[in-house]
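Colleague: Listed below, chain by chain, are the residues.
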Amino acid sequence: MKLNRRDALQLAAAGAALAALPAGALRAAEHADVEAAIAAFAGGAPVKEGGVEVEAPEIAENGNTVPISVAAEGAEAILILAAGNPNPDVATFHFGKLAVPAASTRIRLAGTQDVIAVAKFADGSFGRAARTVKVTIGGCGG
Amino acid sequence: MISRRDFLQAAAAASAIIGGSAAGGWGRLMAAQSLTQDQLLEFETTGNVTLIHVTDIHAQLKPIWFREPEINIGVGEAAGQPPHVTGADFLRLFGFRPGTPEAYAFTYLDFVALARSYGRMGGLDRVATVVNAIRADRPDALLLDGGDTWQGSYTANATRGQDMVNVMNALRPDAMTSHWEFTYGVDRVNEIVETLDFPFLGANIFDAEWEEPAYEPYRIFERGGVRIAVIGQAFPYLPVANPRWMFPNLSFGVREERMREVVAQVREEEGADLVVLLSHNGFDVDRKMAARVPGIDVILTGHTHDALPEPLVVGKTLLLASGSNGKFVARLDLDVRDGALRGWRHKLIPVFSDVIAPDPEVAALIEAERAPFKAQLEEVLGTTESLLYRRGNFNGSWDDLICNALIEEREADIALSPGFRWGPSLLPGEPITREDLFNATAMTYPAAYRTEMTGEQLKAVLEDVADNLFNPDPYYQQGGDMVRVGGMGYAIDPNAPMGRRISSMTLLRDGSPIDPQRSYVVAGWASVNEGTEGPAIWDVVESFVKRKGVVRIDPNATVRVAGR
Chain F
1 MKLNRRDALQ LAAAGAALAA LPAGALRAAE HADVEAAIAA FAGGAPVKEG
51 GVEVEAPEIA ENGNTVPISV AAEGAEAILI LAAGNPNPDV ATFHFGKLAV
101 PAASTRIRLA GTQDVIAVAK FADGSFGRAA RTVKVTIGGC GG
Chain U
1001 MISRRDFLQA AAAASAIIGG SAAGGWGRLM AAQSLTQDQL LEFETTGNVT
1051 LIHVTDIHAQ LKPIWFREPE INIGVGEAAG QPPHVTGADF LRLFGFRPGT
1101 PEAYAFTYLD FVALARSYGR MGGLDRVATV VNAIRADRPD ALLLDGGDTW
1151 QGSYTANATR GQDMVNVMNA LRPDAMTSHW EFTYGVDRVN EIVETLDFPF
1201 LGANIFDAEW EEPAYEPYRI FERGGVRIAV IGQAFPYLPV ANPRWMFPNL
1251 SFGVREERMR EVVAQVREEE GADLVVLLSH NGFDVDRKMA ARVPGIDVIL
1301 TGHTHDALPE PLVVGKTLLL ASGSNGKFVA RLDLDVRDGA LRGWRHKLIP
1351 VFSDVIAPDP EVAALIEAER APFKAQLEEV LGTTESLLYR RGNFNGSWDD
1401 LICNALIEER EADIALSPGF RWGPSLLPGE PITREDLFNA TAMTYPAAYR
1451 TEMTGEQLKA VLEDVADNLF NPDPYYQQGG DMVRVGGMGY AIDPNAPMGR
1501 RISSMTLLRD GSPIDPQRSY VVAGWASVNE GTEGPAIWDV VESFVKRKGV
1551 VRIDPNATVR VAGR
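Taken in sequence, the protein lines are chains F and U. Residues in the first sequence are numbered from 1 upward in steps of one, following our numbering. Residues in the second sequence are numbered from 1001 upward in steps of one, following our numbering.
Be a bit skeptical, because a hint or two may be false.
Stated by the list, open to error - One side of the interface only, derived from the structure: several residues of chain F facing chain U at Cβ under 10 angstroms:
hint: 1; residue: Ser104
hint: 2; residue: Ser125
hint: 3; residue: Lys134
Claimed, not checked - Every beta carbon over 10 angstroms from chain F, so not counted as near; a handful from chain U, in silico:
hint: 4; residue: Ala1115
hint: 5; residue: Asp1137
hint: 6; residue: Arg1188
hint: 7; residue: Ser1251
hint: 8; residue: Gly1253
hint: 9; residue: Glu1270
hint: 10; residue: Pro1372
hint: 11; residue: Glu1385
hint: 12; residue: Leu1427
hint: 13; residue: Pro1428
hint: 14; residue: Asn1468
hint: 15; residue: Asp1473
hint: 16; residue: Leu1507
hint: 17; residue: Asp1510
hint: 18; residue: Lys1548
hint: 19; residue: Asp1554
Hints in this document: simulated from the structure, not taken from any laboratory. Virtual Cβ for every residue (Gly too), placed ideally from N, Cα, C.
With the hints as extra help, turn the sequences into a complete structure.
Modeller: Encoded structure:
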């Protein structure tokens, strides 16, 4: 029984990353962190759904560098959170009065999860939106 | 399941378009052995524009057998909707009778008997005859190739797609899009694209570093006084489903927002009267895109290898599913006046290779491409007692054969074979030639790996692939079938959420439940990981088939599907 060590390691690595994906219990714990971060950003003000756009691939081509874009008309700042990462905090963009309130970056995603954007508007209101980005090993396209 | 009446009413109610389809009628004629090429090609020329669509030819230059799937489950809004209708339900929906050429062409029913009656289908020399006949009616018809053209045969592998490029060039396509083309590597693709007389379109192909368009997104054609925009959409999940390292600087994706922008651009800036999406998204992805992106008149779908005898109408968009492997050529005539689509007529022409005469020039070209490889192609490796086919959501006898070979030749507990949808069929009693084996395996990352995986890892792999197939949101689907498993049985509930679809995993050798903690020796092929080591899958299967002489595949009952 000859084992190809390189294959074994690669497949094991893929398997291990996957095994961490659907960890529901873990996500519930992180959920509290995420809501706390949003509450802190909003200073306790109510956060309504919408008013901000999140662009991200449905399925990440490379979980280590996932391109995301956020935009919100009239926003002073946008907070980005990766809800399923060990540290969900990704970035906060502040926009000057003459800036277009939109930003793009690349983030590392530990597994399938929601990327959340929260916008702070000039009138003191807040809006949020999320996109699910799937991280997969793939390999069987038709 | 919807009835044919619902289907047609939905189509009629969805728009003011008047149209007709010409699928029926040839059944009884063929049964009487009186079907002629003229009857297959018969078409009442309509309007001022003609589109000809071929897709997913997968390098099949010669006529083939191709058994359509028995199981093709739709989830979410696609549940029970075409193309997720098979067998007797398909016949009922479209008003075809069992035993007819339609039943043979569109379903798996009585496949072996009907194949012996009606013969092989496809062959690019026959496709050329159909294309030329349509051009005789409408000289400026657009021929559009949906991609997956250059991969899937011994000769395509040996020439890195050049045989297909040469033969397709003789058919003079007006545009193409892509998927497996990129598995020859981005440099090879670019080398070929430079030589093409027609555009290689992909609005969703971007430079991964700069997020800038990497290929031409669309081309404007003037035909019959109509400005036609043909937008290309490559397979969205190339870097996920195929080896990303082969085209490291490219990014794909569904990119719905980009499609919205490109449609607006061709309508407003280019003044397009008609917008055609030449797509490799897969049918369900296109159905969703048609409902969400306004302004597309026609989507020529591909990737999922579906064949529908009539277009599906979503809002104001016609969706064509034109089959695979050269089995069909779609003709769509359009009446475009005052910048709007007023009417249409469609026919999915079945390419019965014994009825449609080969075009002599293309036939000679095909023989010239194959001649240098004649001896290798024709070598008989063994014989099959069973029908060998691939299509189906969970298994197919070709992959059962491959899995059996992997388990025996590689001394594995469990074998995995990817859920590809390409690969034609072989009838019981036929010899298995090297050409046949390559038709089921030819690609550029064939290494048959051998490794250990725990039960937990195996479960994670099955769940991952199941979600690629059965995620209720089509934009998260990759369009293949379930990974084929040898040596292990399992149960699956396609409608359960990710992580909870797979259960009852069982080692078939001794009937023991798969232990999440235990390691199993797993053999498989077509890993997307760079540097995967092992013999090519075709060498593994060739050695197995030669050793057995005659192969026999028993009906596969190792996957239990909830609700079936």
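Colleague: Once the closest CB in chain F is found, is it more than 10 angstroms from U/Asp1473?
Modeller: 8 angstroms, violated
Colleague: Would you assess whether U/Gly1253, listed as outside the interface, keeps its beta-carbon beyond 10 angstroms of every beta-carbon in chain F?
Modeller: It is violated; U/Gly1253 is separated from chain F by about 5 angstroms at its closest Cβ, not greater than 10 angstroms.
Colleague: Measuring Cβ to Cβ, find out whether U/Leu1507 lies farther than 10 angstroms from everything in chain F.
Modeller: 16 angstroms, holds
Colleague: Under the criterion of a CB-CB separation shorter than 10 angstroms, is F/Lys134 in contact with chain U as hinted?
Modeller: At about 6 angstroms, which falls below the 10 angstroms cut-off, the nearest Cβ of chain U leaves the hint on F/Lys134 intact, so it holds.
Colleague: Is the claim that U/Pro1428 lies outside the interface with chain F correct, judged by CB distances over 10 angstroms?
Modeller: Non-interface label stands for U/Pro1428: nearest chain F Cβ at 26 angstroms, farther than 10 angstroms.
Colleague: Closest CB-CB distance from U/Asp1510 to chain F, is it above 10 angstroms?
Modeller: The claim stands: U/Asp1510 keeps its Cβ more than 10 angstroms from every Cβ of chain F (closest is about 17 angstroms).
Colleague: Verify this label for me: U/Ala1115 is non-interface relative to chain F, using a Cβ-Cβ cutoff of 10 angstroms.
Modeller: 23 angstroms, holds
Colleague: Can we trust that U/Asp1137 is non-interface, i.e. its beta-carbon lies farther than 10 angstroms from all of chain F?
Modeller: With a cut-off of 10 angstroms, U/Asp1137 remains clear of chain F, as the shortest Cβ separation is near 33 angstroms.
Colleague: Mind verifying the non-interface call on U/Glu1385? Its CB should be farther than 10 angstroms from each CB in chain F.
Modeller: 28 angstroms, holds
Colleague: In terms of Cβ atoms, is chain F entirely out of 10 angstroms range of U/Arg1188?
Modeller: 19 angstroms, holds
Colleague: If we take the beta carbon of U/Asp1554, is the closest beta carbon in chain F still more than 10 angstroms away?
Modeller: Consistent with the label, U/Asp1554 stays out of reach of chain F, its closest Cβ about 24 angstroms off (over 10 angstroms).
Colleague: Mind verifying the non-interface call on U/Ser1251? Its CB should be farther than 10 angstroms from each CB in chain F.
Modeller: Nearest chain F Cβ is 6 angstroms from U/Ser1251, so the label is violated.
In terms of the numbered hints stated before, the structure departs from hints 2, 7, 8, 14, 15, listed from lowest to highest.
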